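S.K.: Model the full structure from these sequences, guided by the hints.
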Amino acid sequence: MPAVVKTYFDAFNAKDIPGMLACLTDDVAHHVNEGTVREGKEAFEEFCAHMSRCYDETLTDMVILEARDQGRAAAEYVVNGTYLATDAGLPEAQGQTYRLSAGSFFDITDGKISRVTTRYNLSDWIAQVSGADDA
Numbered sequence: 001m002p003a004v005v006k007t008y009f010d011a012f013n014a015k016d017i018p019g020m021l022a023c024l025t026d027d028v029a030h031h032v033n034e035g036t037v038r039e040g041k042e043a044f045e046e047f048c049a050h051m052s053r054c055y056d057e058t059l060t061d062m063v064i065l066e067a068r069d070q071g072r073a074a075a076e077y078v079v080n081g082t083y084l085a086t087d088a089g090l091p092e093a094q095g096q097t098y099r100l101s102a103g104s105f106f107d108i109t110d111g112k113i114s115r116v117t118t119r120y121n122l123s124d125w126i127a128q129v130s131g132a133d134d135a
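full-length UniProt numbering numbers the first residue of the sequence shown as 1 and each following residue consecutively.
Don't read these hints as lab results, they were simulated from the structure. Every value quoted in this text rests on a predicted model; they were computed, and no experiment measured them. Careful, some of the hints might be misleading.
What the hints assert, rightly or not - Have a look at the derived ranges for each label pair, beta carbon to beta carbon: (1) Glu42 - Thr97: 30 to 36 Å; (2) Arg99 - Glu39: 15 to 21 Å; (3) Ala22 - Gly131: 35 to 41 Å; (4) Ala127 - Gly40: 32 to 38 Å; (5) Asn33 - Asp61: 15 to 21 Å; (6) Thr109 - Asn80: 28 to 34 Å; (7) Thr58 - Ser123: 19 to 25 Å; (8) Asp61 - Glu39: 18 to 24 Å.
Quick reminder that beta carbons are idealized off the backbone N, C-alpha and C, glycines included.
M.R.: Right, here's the structure in full:
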């Protein structure tokens, strides 16, 4: 089961949105850190396109855990990114770099990801891209 999660993250790091989409069920539920739940591959693809415009991110230090008998997996990782274009309601983008601990949680149905929930510390990210001393 976690093979699909590894494939998903490999596609993320390769900037391969079709590869990520291939790992998902058609009715995937995407729970983002801040915002509403997006339903379906089309909404997920739109989110990925938006993120690609605003951020260049690579995930490192990946640890994937699984609860095979419950159809779930989780991953902890570090987001290494560059803020490319200003995202609505967030600080102005000026090519700032950031490094952020994050985690994702997955439901797996018939070998595909049916739920993705991502969590990270938005305040930490804002401090880093704003140049706050405590970042």
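S.K.: Mind listing which of the numbered hints don't hold for this structure, in increasing order?
M.R.: 2, 8
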